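Asker: Sequence:
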Amino acid sequence: MTTKPLWLRGALLAGLLSLGALTAQAQAPGSGGPTPTDPPPTDVPLDGGASLLLASGVAYGLKRLRQRRAR
Numbered sequence: 012m013t014t015k016p017l018w019l020r021g022a023l024l025a026g027l028l029s030l031g032a033l034t035a036q037a038q039a040p041g042s043g044g045p046t047p048t049d050p051p052p053t054d055v056p057l058d059g060g061a062s063l064l065l066a067s068g069v070a071y072g073l074k075r076l077r078q079r080r081a082r
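First residue of the sequence shown: 12, per our numbering; consecutive thereafter.
To be clear, the hints were calculated from the coordinates, so they are not data collected in a lab.
Nothing here was measured: the structure is a model prediction, and the numbers come from that model.
Just so you know, even glycine gets a beta-carbon here, dropped at the ideal spot from N, CA and C.
Computed spacing ranges between beta-carbons, pair by pair: (1) Leu-65 with Trp-18: 53 to 61 angstroms; (2) Arg-75 with Leu-23: 53 to 61 angstroms; (3) Ser-29 with Asp-49: 36 to 44 angstroms; (4) Asp-54 with Gln-78: 37 to 45 angstroms.
Assemble the whole structure, with the sequences as input and the hints as a guide.
Answerer: Set out below in structure tokens:
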């Protein structure tokens, strides 16, 4: 038994994957899936994360300034 060349194995694998992709199709419109609706607006609390990020940046900056003055 001889081994097949690498390009032949790659071509066979690509062909099998292509056949799998052809069968994996999305549903047609009106085929029984859930109907899309407009979601209600989502409230996102930006203040909590932004203030923590700002405070950590200020603390890091003060630490670097103190280290620079100590030299």
